[in-house]
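S.K.: Those sequence lines, one after another, are chains A and B. Our numbering puts the first residue of the first sequence at 4, with every later residue one more than the last. Our numbering puts the first residue of the second sequence at 37, with every later residue one more than the last.
Mixed in with the good hints, there may be bad ones.
Here are the simulated DSS-like cross-link-like pairs (lysine-lysine), alpha carbons at most 25 Å apart as the crow flies [stated by the list, open to error]:
(1) Lys188/B to Lys49/A
(2) Lys284/B to Lys309/B
(3) Lys46/A to Lys298/B
(4) Lys49/A to Lys281/B
(5) Lys194/B to Lys49/A
(6) Lys305/B to Lys49/A
Simulated from the structure, these hints should not be mistaken for lab results.
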Amino acid sequence: MSRMEFMQGNTACAEGALAAGCTFFGGYPITPSTEVAEHMALKLPKRGGVFIQMEDEIASIAAAIGASWTGARAMTATSGPGFSLMMENIGYAVMTETPCVIVNIQRGGPSTGQPTRAAQGDMLQCRFGSHGDYGIIAVCPASVQEMFDLTAEAFNLADRYRVPAFVMSDEIVGHMRERVMLADTVETTPRRPLSPGRLPFEPGEDGVPGFPEFGRGHAAHVTGLTHDERGYPDATDHAAHEKLVRRLYQKIESARREIADYEVTNPDAEVVFVTYGPPARTVWQVMHDLSDPAIGHLRLRLVWPFPEFALAAFPDAKVFLMPELNMGQISREVERHVDVPVVSLPKLGGELHTPAELKRALEVHR
Amino acid sequence: MMQVEGKCELFEAGHRACAGCGPALAARLILKAAGENTIVVASTGCMEVFSTPYPETAWGVPWIHSLFENAAAVASGIEAAIKQQGRSEKVICVCGDGATFDIGMLCISGAFERNHDITYICYDNEAYMNTGIQRSGATPLDASTTTSPAGKCSLGNKRPKKDLPRILAAHGAPYVATASISYPADFVKKVERAINTPGACYIQVHAPCCTGWGFDPGQTIAIGKLAIETGLWVNYEMVDGVVAKAKKVRRKPVEEYLKAQKRFQHLFKPTPKTEEIAKIQAMADANATAYNIDIKLKQERQ
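All chains should be built: construct the whole structure from the sequences, respecting the hints.
M.R.: Given below as C-alpha cells:
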C-alpha cells in the first residue's frame, strides 16, 4: 500500500532506497546530504538492515562496495568534498563491476565552497572524475517525488549493468519539502546471477557479466588491476586491457536508448530549454506563464549516459537554451550533438534561475 | 581563571558560537597560552564555522582552514617550511573530534610518526555538531545522536570512545595531555608545555556542547566538572608515553553526569537501564584504577 507524505527530498531519497530493498548504508555526515544518513540510521535497523557511520567518505563508499559483493543492495550519500574523496573508489567500483548507489546532494564548490547552497557543479566529475576511461549511470531528480522514484531506479540500473549508479541531486531538491507518494515496494530488477559454467567477468551479449556473489560457490577473485574474464590480474597485456576497458565503456554507452529517461514538451518548438534537476522547475513556471507552443522543454531525468537522440525530438529547434547551476557543464554535451546554437545560461551562488531571468533569455535568443 | 586573566586575548568576542559553547572557551584559552607568534590550522567543524564569517573572524593570528581531513598534513607542511626558513612561529592545529578521531586520523598518524614540531589540539565535544549531532569515534557509550539514535533497536552509541591520546602516545609523541575547559588554568599550562616541547604533541580538551548534549547553556562548566568528578573524563599528562600526572578526585556516581544531559535520558526513562548505567560506572571505575585518580583518606588507605 502506498502512502502520501509531505517530506524533505533527502528523506524521500532514503525512503526510495528502502523501498528498493537497500539493506546497507555506509555514510559520513556532510552538509547538505546528512539527512539521508540520518533517516537510514533511524529506519534501516528496524528493517534488519545495516547502517554504519564510517570514518570518512573513502571508507563509506568502500564499505558499500564490500557489502555489494555479499549481494546486498548498498549505498552511500555525500556532497562535494566527500564526493571528491570517493573518486578512487568509484573507479574501483567501475573496474570491479560492483553495483552500488552513490547519492550526491550537490553544493557549491570548489573545495568547502557553499555547504548550504545548491549547485550542479559535479556533473562532469561524476562522469569523468576517476582516472581512466569508463562509463557510469547518473539520474537527476527535479522534485521530492523523483528523489524517491529515481533513487529506487538507481538501484535497478546499478544491478542491471553492474556499475555504480549516481543520484546527482542538489541542496535545493534535497532540502525542499513537497508532497510525495511513497510506494511500499517498487519494481525491482534483481542482479543477474552468474550462470553455471560462465566465468565471473565473462560478459553476456549486453556486455554485462553475471554477478559472482561472495559465498555462493564462485570463489570470485576481485581486483582493480586489469583482469581477464576469470578475474585474474593481467596488468601488462595491452590487448586484455583494451578489451576490458572498451567493454566497461561500451556496456553503458550501448545501453543509452534502453535506459534513457526524459520528458519532451512541445516537440514542434523553435526555442527549446534543456534541463536536468531543479532548473526544470523554473522552466515549468516560464512555460506556464507564457503558454507558448513555440517554446519547448527537454527535461533529462537521466544525464549519463547522455541521450543525445532525445535532442532529435525537436526537429524545428533553432536554438537550445540550457539553464544549469554550473558554468555550462552539460551544455557542451548538447552542443556537440546539434547544428543549431546552444546557449548556456549558467547560474552560480546557490539559487535557481528566476522565471524573469529565463524570460529575458528567451527574448534575447529567440 | 586568575592565572589566565592577565594574558592577551587573541580570540575575539563577537563570534557566532551558541551561548554556553565549550569549544569557544577552548579556543580563547588556547590563544591565551600560545600568544601572537602562532599559526593556527583549523579543520572543518563547528569552530571553523562559528569563528570565521567575514568580517567577524575571531582569530587574531594567522589562520588557515584546511579540509576536514588534513589539518595535520597542512600543519606538517607549514612547520617544515618554517623550519627551513629559520623562523620561530608555533604551529597549532585546532580541530574537532570528528576531524581528529575519524576522517583526519591518517594525516595525524603521519604527522606524529614524522614528529613535526606541532601541537595538535582536539576540542572534543564528542560528536559531529556542525552537521547536526552525528556520532563520532569520540562519542561515549550509549550517547544518543542522530546517527546513533536511542530507541527500540538501540541504546545509543554502541561503543566507548576511542582512546586517541594513547594511540598518539604510541606514535612516540613526547607530550600528550588531556584537559577540560572547566579547569582553564590547567588547560593553559598544558598548551604552554605542549608548544614548548619539541616534536608532535597532542592535547585533547573536553569541551561540553550544550546544543548537542542537551543541557542548559549556563551549565557548561558544571557539566565539564561532573565529567571529571565522576571519573568519566580524566585529566592527565603523558610524557614520553608514561602517565606523569592525573587529576585526583572524590568520585561521584556516573548517574550525576548522565542524568544532567538529554543525550543519556533514555538510560533513565521510561525505566532506568541499570545494566547499562553499571557498564558506564565500570568504565569510570576502570579509569580510576588506570590513572589512580581516587583521593583516599588516611583511614581508607590502611
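S.K.: Given the hint that Lys188/B pairs with Lys49/A, test it: the Cα-Cα distance must not exceed 25 Å.
M.R.: holds (8 Å)
S.K.: Check whether the Cα positions of Lys46/A and Lys298/B lie no farther apart than 25 Å.
M.R.: holds (22 Å)
S.K.: Are the Cα positions of Lys49/A and Lys281/B separated by 25 Å at most?
M.R.: violated (46 Å)
S.K.: Does Lys194/B pair with Lys49/A here, judged by a C-alpha cut-off of 25 Å?
M.R.: holds (16 Å)
S.K.: Given the hint that Lys284/B pairs with Lys309/B, does the C-alpha gap stay at or below 25 Å?
M.R.: Violated, because 29 Å separates the two Cα atoms, which is more than 25 Å.
S.K.: Measure nothing beyond the straight line between the CA atoms of Lys305/B and Lys49/A; if it is 25 Å or shorter, mark the hint as holding.
M.R.: Since the Cα atoms of Lys305/B and Lys49/A sit roughly 21 Å apart, the hinted pair holds (cutoff 25 Å).
In the structure shown, a violation is registered for the earlier hints numbered 2, 4, in ascending order.
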